[in-house]
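Number of protein chains: 4
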Amino acid sequence: MGDVSMQTKPRRSFASDNNAGVHPSVMEAMAAANDGHVIAYGDDVYTARAVKKFREHLGKDTQVFFVFGGTGANILGLKAATQPHHAVICAETAHINVDECGAPEKFTGCKLLGVRTDDGKLTVEHIKPLLHEVGFEHHVQPRVISISQATEMGTVYKPRELKALASFAHDHGLLLHMDGARIANAAASLDVKLRAITRDAGVDILSFGGAKNGMMYGEAVVFFNQKLAEDFKYTRKQGAQLPSKMRFISAQFEALLTDDLWRRNAQHANRMAQMLAAALAGIPQITVTQKVEANGVFALVPKRSVPLLQKKYFFYIWNEEKSEVRLMTSFDTTEGDITNFVSLVKKTVR
Amino acid sequence: MGDVSMQTKPRRSFASDNNAGVHPSVMEAMAAANDGHVIAYGDDVYTARAVKKFREHLGKDTQVFFVFGGTGANILGLKAATQPHHAVICAETAHINVDECGAPEKFTGCKLLGVRTDDGKLTVEHIKPLLHEVGFEHHVQPRVISISQATEMGTVYKPRELKALASFAHDHGLLLHMDGARIANAAASLDVKLRAITRDAGVDILSFGGAKNGMMYGEAVVFFNQKLAEDFKYTRKQGAQLPSKMRFISAQFEALLTDDLWRRNAQHANRMAQMLAAALAGIPQITVTQKVEANGVFALVPKRSVPLLQKKYFFYIWNEEKSEVRLMTSFDTTEGDITNFVSLVKKTVR
Amino acid sequence: MGDVSMQTKPRRSFASDNNAGVHPSVMEAMAAANDGHVIAYGDDVYTARAVKKFREHLGKDTQVFFVFGGTGANILGLKAATQPHHAVICAETAHINVDECGAPEKFTGCKLLGVRTDDGKLTVEHIKPLLHEVGFEHHVQPRVISISQATEMGTVYKPRELKALASFAHDHGLLLHMDGARIANAAASLDVKLRAITRDAGVDILSFGGAKNGMMYGEAVVFFNQKLAEDFKYTRKQGAQLPSKMRFISAQFEALLTDDLWRRNAQHANRMAQMLAAALAGIPQITVTQKVEANGVFALVPKRSVPLLQKKYFFYIWNEEKSEVRLMTSFDTTEGDITNFVSLVKKTVR
Amino acid sequence: MGDVSMQTKPRRSFASDNNAGVHPSVMEAMAAANDGHVIAYGDDVYTARAVKKFREHLGKDTQVFFVFGGTGANILGLKAATQPHHAVICAETAHINVDECGAPEKFTGCKLLGVRTDDGKLTVEHIKPLLHEVGFEHHVQPRVISISQATEMGTVYKPRELKALASFAHDHGLLLHMDGARIANAAASLDVKLRAITRDAGVDILSFGGAKNGMMYGEAVVFFNQKLAEDFKYTRKQGAQLPSKMRFISAQFEALLTDDLWRRNAQHANRMAQMLAAALAGIPQITVTQKVEANGVFALVPKRSVPLLQKKYFFYIWNEEKSEVRLMTSFDTTEGDITNFVSLVKKTVR
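Protein chains in written order, with the numbering used here: chain L, 1 to 350; chain W, 1 to 350; chain V, 1 to 350; chain U, 1 to 350.
The following block holds chain L by itself, in its conformation from the complex (with noise of 0.2 Å):
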């Protein structure tokens, strides 16, 4: 916590989508759920609503489970996936392999085996490998495949690559993970339904993400294979992820499912994520390095303009080495966010 935190005007940011506020029907619909007493942890009548709504986008039998976090929400449905001994497949990418700190393995037991992509997309090539020793004591034995939608690298799978690798990991006595952080920016970004990537296309077990997608706090832990929801209300409650104001997150889930408010949301940021990498596209010191499909654009970016940029935007490097920056933009990113940001990188380049 140092100078940056005193700062008295925020400026804007190309961070991460949680760098953004609140959409304001979300916080509206929060206010309206704060009206008198309701019994704690879930058993209220906005829970019900809103697990109603999960269960009209995604099918009748799912079930939801709402956690705080995008954290919690991974290393939860993968403990009600597994067991201490066997493997957790995902991209070297993935959130779960490098963004939590170790929390996969330290919930779950198990082990992350990470496989290196271009993309930051599998594919059934990439598993292979690794299903050589099933059986054998001394190895970890694999049992999830864990996918993040959108990717980390901005990018998205398409419903035809979601069902190879469903299949082949039915096929194999495997379960199909997704890491939907960014889920909404998935099915903007394909423009289809939410069910068409996950239900439809044989996900198992889905972390739907509501933090970067205008909500202040709260994911839902959903459950297409009725068997491995049995006793995850226990886990979550152990794992303590089991809020005791749940309206609280029902309610802002409730406002982000009704009126396609997600799909805004999400179609928003990822319009924002295309006009930003094409006007970089078109500065010639700069190279965009991954295909934008949801809200992210990579990009290298000459060295000595990435600190005269920071000095305005708070955003990542990606890779020191390349000089290769992440920039993400969110719901409330404005068209003046980019052009500013991007006349900024014209001066700073030159």
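Keep in mind that the hints are not guaranteed to be accurate.
One copy or two, it doesn't matter: identical chains are merged, so the pair holds either way.
Unchecked claim - Derived pair list, reagent style DSSO-like, types lysine-lysine, alpha-carbon separation capped at 27 Å:
(1) Lys346 - Lys303
(2) Lys233 - Lys53
(3) Lys60 - Lys158
(4) Lys128 - Lys233
(5) Lys322 - Lys128
If you're looking for bench data, these hints aren't it; they were derived computationally from the structure.
Knowing the structure of chain L, use the given hints to seat chains W, V and U on it.
For chains W, V and U alone, kept in the frame of chain L given last:
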């Protein structure tokens, strides 16, 4: 999620102080924090201000870490103080011992040694016999004494009782952990400053409660012993308790700690408990079973009355055999709630 | 490792049945197994023969896994039956509860619910009150009843007592685990076959002890419930309990289970305990405090005598306040050991 | 346990150095230790003498703890050095990374960062890129560099290579852990004293292997850094690695460390590997793929030959695609074993 969930008119509740909503000033502070972009995970001005408030109340070198919930605060705080071969001594009735679904054992690996007490309060005499086998490798090694202030039985430790525990702990190489989910109620009850029952009494680690005192979500892990806080940021992240949009917890705490809102909320809840207890004590068929020192009332109620009362009010049966119920008040309990409830009691016990 | 270690003449011991050495027939079997190369980790002829022996004693579809030690056997067996949100019900005096340095909690994540008993034996009445909160997510969920046979107090469950526990367990969705570190002493005491107090009594999982019955090292985790054994080979390896040169454990077990060596060893130890107890009971200053049903004797001994006795014999004080000592006999305790000890006792108590 | 188990004549094996039996001098020492009663768990004269031997070899303030097996030694040693948010850097081929069924992750909670190497040996250059994000709470924090000596690829670190790693580690707040399952083979190969490649090279924690050097069972966790050993006796017990009849491990180690039996065993195994490698290298259809510095030989063998060879000899296929096999020699491999095997190879590759 049965019938109760679909109720359209929330009933009033004495089930828990977390059945209440959010205090209006806290809601306002959250809305005010929803302004533009700030860095996620706590490197923001709201968090800096909230930490400053904590230090005003608890001392200037206090280390404060915000987390999502109370179970999270407890298990992370305990983890910071223990190795898996350690034991945590607590009252048999402690929240960590009975109401966290084994989260402390799972997260820390430690055994909890639950001590039978009359009123939820530990004394040095309770603890001495547990130190017999220190140094013997077959036995877990006591490392932490964990107490709840106020206790789960609605009782409150006096400063000198805390000091006696702290000095015994420190003399024996132990640390004193306080589950302060209701620390505000305790300080209000004793009419002392927060630091009088924490830092100044020798507490090493404190879970500082927000949700039961009018916040929506968010607790703080507070270290008075700097050394214990050293690696805590990693423990928090690995424990899935690092909120991304931290500013919204920080804003709540700032509101609570400003102009004594925390104390006013707690005083009100405590007063309502006194009023309730006094009224119940006047009914011959009812026996109040614990001293009412905070915001909980325990009472023996005739068995046939309980379901009749539960039709209109949420509350829990504490001891089925004895027909003992627990009634909690909160910052938003009204005098009308009490008088209505008490007259219903009178009707049902006749 | 103080002065004691450097003693050149070992004293005789009543400290534990593991202060004895190895039975000569067991030593011979180990030497005989030291012949050329065999595959490591159990895929060898010695292991196949030992497993066959186990099945002769315990039933033909019994699943048997050899491990290094008794704590390992217990925690792995419990892990096979539990998820971390489960609870294990046991006597407060159980080895898993007090003498394994928290290994069960660390390895399984579960809470142990220790029940106070008079004689180390659990009954259905002890367990019933612990099932009140089944289904309530804030509480750990009882899943296993773990008993010791013989108990740590030297007492023995009769077949009908075991059946009562097993059928209660199974009626309530629980499993019955037996810590059989001294299973041989129990079967010898009751003069029944091993299967009468295990499979036929409804036990689901058994730690079958070797070291306390004349082996050098090695215990077996035995499953009567096939389903529980399914993934156990991975749990054993991950639990660091898969011996590489497995044949040497197997050879020991084969020896023990051949020509009733196990029973002869146990009978001898039990008889020595009876002899010791009878002699002590005849001394007015001594009170034997537990029924002597296996190979342990508990007795109140005048405080001043204890250090005098400990100069010549190893044994442990069980209860310092009461000056209660525990005296264990083993397969190699001699009548001379007993008479010498008893006459020393007589001298010291005068 | 298929047909193989019921073989009556053990075949010869190059599968692993743990397919060998026990050296006769070690067996004698065990028999000699089987004399009367001694205190369990290590407080005995045999253990005191064995520890003394270790200190003669490794330095006088060395802390030594005996455990049952190699996986146990590794995970307990790593636990002594880490908190769950730490990372352990190792070669991708390390035993801890691939052959312990996730035991390190389960027991320590840490993530392992496996580095691709050509020959199983880590260098400073491998490690540097993994230290980029030190201090960033979202990432696990490197704490230990773990190397195997000799490596799983049959290669050996020279003292100056070890010193380079140790001093890099210590400069960056890391510890150096050595999996010395084959430490004897390494020291024999380099013709140096044990302390030259451990204490004197800057190693902090060592798993000292017994079973692969002629013992029946038993390994030692050795600390050169006293501070790390402080609470280790509890970790050992909680890790289910405290042998009750400790004297029999101690007696084995005493035998091994007396009159350089350890070195003679290792020299023999190494020489057999050299002989085997030389003979195989002379066969045109065979390619030896790794330097042969200890007791392992890696070679490409024509695919059709492998099953023919496996009919008469146990050994493992290291890399299915490349038809690379691993051949291990041991203290009891004979020249006849080599010549017979090589002539069979010659026959099958024709």
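Against the structure, the hints:
Taking the shortest alpha-carbon separations for Lys346 and Lys303, only the intra-copy value of 14 Å comes in at or below 27 Å, while the best inter-copy value is 60 Å. Proximity of Lys233 and Lys53 under a CA criterion of 27 Å is satisfied intra-copy only: 20 Å inside one chain copy versus 36 Å between copies. Proximity of Lys60 and Lys158 under a CA criterion of 27 Å is satisfied intra-copy only: 24 Å inside one chain copy versus 52 Å between copies. Proximity of Lys128 and Lys233 under a CA criterion of 27 Å is satisfied inter-copy only: 23 Å between copies versus 33 Å inside one chain copy.
For a Cα distance limit of 27 Å, the shortest separation of Lys322 from Lys128 across copies, 16 Å, qualifies, whereas the shortest one inside one copy, 31 Å, does not.
Checked against the numbered hints above, the structure breaks none of them.
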